[in-house]
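So the sequences go chain by chain: A and B.
Residue numbering for the first sequence is 1 to 368, as defined by this note's numbering.
Residue numbering for the second sequence is 1 to 381, as defined by this note's numbering.
Calculated directly from the structure, the hints in this document are not laboratory data.
Ideal placement from N, C-alpha and C gives every residue a C-beta, glycine not left out.
Take these hints with a grain of salt, some might be off.
To be verified - The calculated label-pair distances, taken between Cβ atoms and stated as ranges, are:
| # | chain 1 | residue 1 | chain 2 | residue 2 | range |
| --- | --- | --- | --- | --- | --- |
| 1 | A | Thr151 | B | Arg73 | 48 to 54 Å |
| 2 | A | Lys79 | B | Ser77 | 31 to 37 Å |
| 3 | B | Arg274 | A | Gln312 | 52 to 58 Å |
| 4 | A | Asn165 | B | Asp284 | 53 to 59 Å |
| 5 | B | Thr159 | A | Glu263 | 52 to 58 Å |
| 6 | B | Met267 | A | Gly367 | 50 to 56 Å |
| 7 | B | Ala350 | A | Val154 | 37 to 43 Å |
| 8 | B | Arg184 | A | Lys79 | 48 to 54 Å |
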Amino acid sequence: MRIVTSKADLVEALGIVGRAVSTRSSIQVLTGVLVEAEGAGITLTATDMEISVRAPLRGVVEATGAAVLPARILAEIAKTLSPREVTLERKAGEQQVDLSCGEALFSLRILPAEDFPRLPLFPIEEGFTVAKESFLATVDRVAASASRDETRPVLMGVLVQVAKNVVRMVATDSYRLSVKETPVEASVKEKIQAIVPARCLTELSRVAAGVAADSITVVPTHNQILFQAGEVLIISRLIDGQFPNHKQLIPENFESEAIADREEFMESLKRVSLLAPKSAPVRLQFEGNTLTISAQSQDVGAARESMPVQYQGEPLEIGFNPDFLLAGAAGVEEEDLHMRFISPLRPGLLRGQADDFLYLIMPIRLGE
Amino acid sequence: MTPLVGAVDSALFGNVVGQPLALTVLGQALQRGSAHAYLLHGPRGVGKTDAAYAFAAGLLCPDGGCCHCDHCRRARSGVHVDLETVAPDGSSILIDQIRQLTLDAAMRPYEAARRVYVILEAETMTEPAANAFLKTLEEPPSHARFVLVSSAPERLLPTVVSRCQRVPFFRTPAKALAAHLGSRYGLRAEDAWALARVAQGDLSYAEALTHSQSVREDRVLVLSLARELPSAGFARVQGMADEVMAMLGRRVAAAVACVEDQKTCEMEWAADARARSRVEKAFDVRLRREKRAAVQAGIDHVISGSAGWFRDLAVVAAGAEETVHNFDYLAELREDGLPGLLSSYLEVIAAAKRTKERFRYNVDTRCSLEHMLFSMKEALL
Chain A
1 MRIVTSKADL VEALGIVGRA VSTRSSIQVL TGVLVEAEGA GITLTATDME ISVRAPLRGV
61 VEATGAAVLP ARILAEIAKT LSPREVTLER KAGEQQVDLS CGEALFSLRI LPAEDFPRLP
121 LFPIEEGFTV AKESFLATVD RVAASASRDE TRPVLMGVLV QVAKNVVRMV ATDSYRLSVK
181 ETPVEASVKE KIQAIVPARC LTELSRVAAG VAADSITVVP THNQILFQAG EVLIISRLID
241 GQFPNHKQLI PENFESEAIA DREEFMESLK RVSLLAPKSA PVRLQFEGNT LTISAQSQDV
301 GAARESMPVQ YQGEPLEIGF NPDFLLAGAA GVEEEDLHMR FISPLRPGLL RGQADDFLYL
361 IMPIRLGE
Chain B
1 MTPLVGAVDS ALFGNVVGQP LALTVLGQAL QRGSAHAYLL HGPRGVGKTD AAYAFAAGLL
61 CPDGGCCHCD HCRRARSGVH VDLETVAPDG SSILIDQIRQ LTLDAAMRPY EAARRVYVIL
121 EAETMTEPAA NAFLKTLEEP PSHARFVLVS SAPERLLPTV VSRCQRVPFF RTPAKALAAH
181 LGSRYGLRAE DAWALARVAQ GDLSYAEALT HSQSVREDRV LVLSLARELP SAGFARVQGM
241 ADEVMAMLGR RVAAAVACVE DQKTCEMEWA ADARARSRVE KAFDVRLRRE KRAAVQAGID
301 HVISGSAGWF RDLAVVAAGA EETVHNFDYL AELREDGLPG LLSSYLEVIA AAKRTKERFR
361 YNVDTRCSLE HMLFSMKEAL L
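The shape of chain A in the complex, shown without the other chains:
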């Protein structure tokens, strides 16, 4: 194998695949990045057994071949090279790769490429394409609600449903639940549903945002899902199990509704929540057309702030985790924030004018 590329291209490609490099596997070869030079070009691949990322590396293939190089050290070397041409060469039969750039020469021992897992084969013709921007926007608004609790793996995923004209994503950590429906032209034949690890989607969002392509190709299979943005592939194992039925969780009728200026609400909430540290609740009091947000901390003190809202319903006092409330308000992304409630102990709903984004949040029981 002999390839010629540039420092900038190498750094960029390693940056894309780097996040998929395993940090805790017992399989040594997964700490490496697979460099493959073929007639069609050069690709880099990394995997941590959960997600795999493959990205092209711009450059010239002078001799075909493959090698697995230690990912972290290669990335560090690449970053410190002078901005010039970089040559990677593995001489036939040798267990090392020579990396040269200007006068600098590194000889890196390689890992056994035959132990590197094969990327699963995907029937590309069974996939479909969606518009990148709306797909990623959906990811960004939903994925943060996914759970980080490893004892309930299903909740660490995002339920992705794709029908002909709409993509729906649902995520919940059992304290809050986000649903976003995005109308999108998807070239999909029948309804598709999968539980994708939230980590895969946030990774996709990060990588795809930097790729010049208008659409994302999605190929779901029974066990894995593939996303292709431009020439970058992200593959993830799917989560097995039953995702909670969000339709059953979202109440149909509410007792009261408040409409607030979203920006103003978020500003007030941020200020007041400074005195609600470590998941202590903030208190929302609705009475007449006034909302009073308050919080108190035993050690530091108390804060309160009132703001005008349009409120319909009986006076209500309800407590929430300020971080979760803030995340929900941020997800609404409209000028007006609609908040609906039933009672202080039933979940509240945050949404915009339309119902394409719903954020259900569990209240915290307030003491006196």
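Dock chain B against chain A, hints included.
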């Protein structure tokens, strides 16, 4: 018994010798569809772990274990992505390891149709770990296969055992063992036969005796100490304990050297400080485990080796020479074995057994060994 179907399976389980029942169960599972959990149980050193990895290869290979494909090769060398091994972290399998497994099992396989979890020394699961594992075992994801390996299944939770298909392994029959030693290592028939008798159905011990000079030396040492014991004075018994401790020390040093070599290699690959500290920690745990295992194996060897000597003396004294284990010492056994001491020999063996029991607890090695030697001596008076 149904013979194994097809030549494929016998190649897959090529390293497993003289376990027709176990191989029938596993072979049929590969051909007719597998249950979600198997418990490979039986004495140490008879090939359970080899069988577990071969079985895993069979479960991962699209052809049920063809032996030549890439799935088979990677699975058998333990580097397949859809194969996870869980082994004791220190002296037990901890609940965190089981949580990690549960999380992993919730995700569908990476490239194969299934995901296989090989759980070594399964009986070392702590009770919370076993209960957490039970949850997964009760409602396993359809793609997950668990292969538990244990040489002490009675220490597993019965609720775990009852959810596994049991695959029993036995001491390797001497005939099969001798044939294996002959074909694999090219031993002459009578040497292979003698070794098979010495190893008493312990395949890995027989193999170690074949290719390791130090294992042979350890055996000679233990037998000569046992032989010397009846005539040894008080000070000499102390000296014997010293010699045994030195032998354990040599075993530990060899194990440490082996682990340290691998550590050096992996440290070079770990690029950043975080990766290095992870490798460091992983190897600390492993080092402790290997040290413990080396000491344990050494103690087992001393106890069963010396008990075996007195067993042979009893057998010779009773006039049943053809059942002697240490066949290569027949002349010495004839010389030493006294029919009048038959009951004393049985006492000695009982003392050895008691010591073996004692080592299941956290006892001082040297004290317990010395105590064993003295109580053996006492029995002979």
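Evaluated hints:
1. For Thr151(A) and Arg73(B), the Cβ-Cβ distance of about 35 Å falls outside the hinted range of 48 to 54 Å, so the restraint is violated.
2. Judged by the Cβ atoms, the range 31 to 37 Å given for Lys79(A) and Ser77(B) holds: they are separated by roughly 34 Å.
3. Judged by the Cβ atoms, the range 52 to 58 Å given for Arg274(B) and Gln312(A) holds: they are separated by roughly 54 Å.
4. The hinted window of 53 to 59 Å between Asn165(A) and Asp284(B) holds, with their beta carbons roughly 57 Å apart.
5. Against the hinted window of 52 to 58 Å, the Cβ-Cβ separation of Thr159(B) and Glu263(A) comes to about 57 Å, which satisfies the hint.
6. Taking the beta carbon of each, Met267(B) and Gly367(A) are about 53 Å apart, inside 50 to 56 Å as hinted.
7. About 56 Å separates the C-beta atoms of Ala350(B) and Val154(A), a value inconsistent with the hinted range of 37 to 43 Å.
8. Range check, Arg184(B) to Lys79(A): Cβ separation about 51 Å, and the 48 to 54 Å hint holds.
Going through the hint list in order, the structure does not satisfy hints 1, 7.
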